[in-house]
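Visitor: The primary structure of each chain is shown beneath.
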Amino acid sequence: MYGLAATFADAFALLATFDHRAVEIVSLSLQVSVSAVILGTLIGLPLGACLAVGRFPGRSAALVVINGLMGAPSVVVGVVVYLILSRSGPLGGLGMLYTPAAMVAAQTLLVVPLMAAIARQIIEDTWQRYAEEFRAMRFTWLQSVTTLLYDCRHSLLVAVLAGLGRAMSEVGAVMIVGGNIDHATRVMTTAIALETSKGDLPLAIALGIVLVAVILVLNAAAFAMRAWAMRRYG
Amino acid sequence: MFPLRLHDVRFQPNGRKVLDGVELELGGEGITLVLGPNGAGKSVLLRTICGLLEPTGGRIDWGGGARPHLGVMMVFQHPMMLRASVLENVALALKPHGVPRIERRHRAARVLDRVGLLARASESARLLSGGEQQRLALARAWVTAPRLLLLDEPTASLDPSATAEVERIVREIRTDGTRILMTTHNLGQATRLGDDVVFMSAGRVREHAPVQRFFARPASDEARLFIQGELPWRMNF
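Chains as they are written, first to last, in this note's numbering: chain A, 1 to 234; chain B, 1001 to 1237.
Note that these hints are calculated values from the structure, not bench results.
Errors might be hidden in some of the hints.
Where chain B lies over chain A, by a calculated footprint (3+ residues, C-beta under 8 Å) [to be verified]:
1. 120 to 132
2. 137 to 146
3. 226 to 234
Here are some chain A residues the structure puts well away from chain B; computed CB gaps all over 10 Å [as the list claims (entries may be wrong)]:
4. S86
5. I209
6. V217
By construction, the Cβ of each residue, glycine as well, lies at the ideal position given by its N, Cα and C atoms.
Please construct the entire structure, taking both the sequences and the accompanying hints into account.
Guide: In structure tokens, the structure reads:
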């Protein structure tokens, strides 16, 4: 019991003193995950909107694939990205493997289907209510998509948050394509796994606290923003 | 675009006769009120003219040419409101017209002034009352200066003062040169607003006459009973 309390005390001490190892790892984690979510937003939300508004051959198959990829195991995505970025892979010449850029690519691949699927559902519900008037106003397909993305912007925060949660909490893909290299590609989740296996629990717990805190703060901010939007726009 | 002629227009999904050979001709001016009992096909007629529904038979002749891409607008009984300001909701309609963003906002402000909503331009459209939302919807159509405006029961759920305000705006739109085709169940409104009346039942146009003549000497028993508030199916009992 004393050991557990002491471990937590050490963990909080690391946080309170802004331990340089912890700061470095948290900083890289945020950079990688936020970059992946920004890319995921730029790709996933328009993709979801296109699937919501578009009526084209193969749409049902596309929906099945997107929904299926939502739950793709991160290690599988990691292996796919590894194969693409490895020396013998199609993008091996870029030399991206074991860099933060590779981790961003893997996380982007993980979050795009999730964000697209959630966005598709949100936008399709709105589209069903607006479609007739958009058609009466002679909106083009692109004008419909952009207007719906704007109209659903507050609800789409859910998709962005879901993407961020998935990106920040996954281990497998970043471990495979990043290699968990100290001072280079070590992020919170891979560091927690490593430090726990080494028995350095204070750092693992400190990083765990930061990870949970970041996700809670972002969710609280999104909740507050959505509540404000509901009051402001109805 | 005018005269707009509908020849034997049918809309019969799964064999159900929603429009059953509509014959109608509309000149280029005035306000035409479409009257008829529920299920007569009034709203479907408007949607068909607007191009939202494809007729299963017949022909719509737009003054000898094809259906214009722009120039026809429709206002619905429950208009959609974007989660955006009143001004943005009006300016929205100018997007398909290729009007630059700044110009869209200028034009929207001018029309909002005419419908009495300029002071609320920056407020959220969704927080307006039902009557104000309907005025916004009219402004959204008006800002595009349509040649033909289709109004589907725009005052159905409004109180008398909101109805009067909508009627004032409809008259102004007409004065600006827009041809108006409007459905309503309000016979008083038809006498106040209409130049002519199209009476429909069972998916067909039964009568098309000037307002005074329609109410003074309806040509069919069905129209006479409708005006008197007697529903034909009740007469069977």
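Visitor: Take the hints in turn and mark each one as holding or not.
Guide: Against the structure, the hints:
no.: 1; hint: 120 to 132; verdict: holds (count 3)
no.: 2; hint: 137 to 146; verdict: holds (count 5)
no.: 3; hint: 226 to 234; verdict: holds (count 4)
no.: 4; hint: S86; verdict: 46 Å, holds
no.: 5; hint: I209; verdict: 37 Å, holds
no.: 6; hint: V217; verdict: 25 Å, holds
This entry satisfies every hint, going by the numbered hints stated previously.
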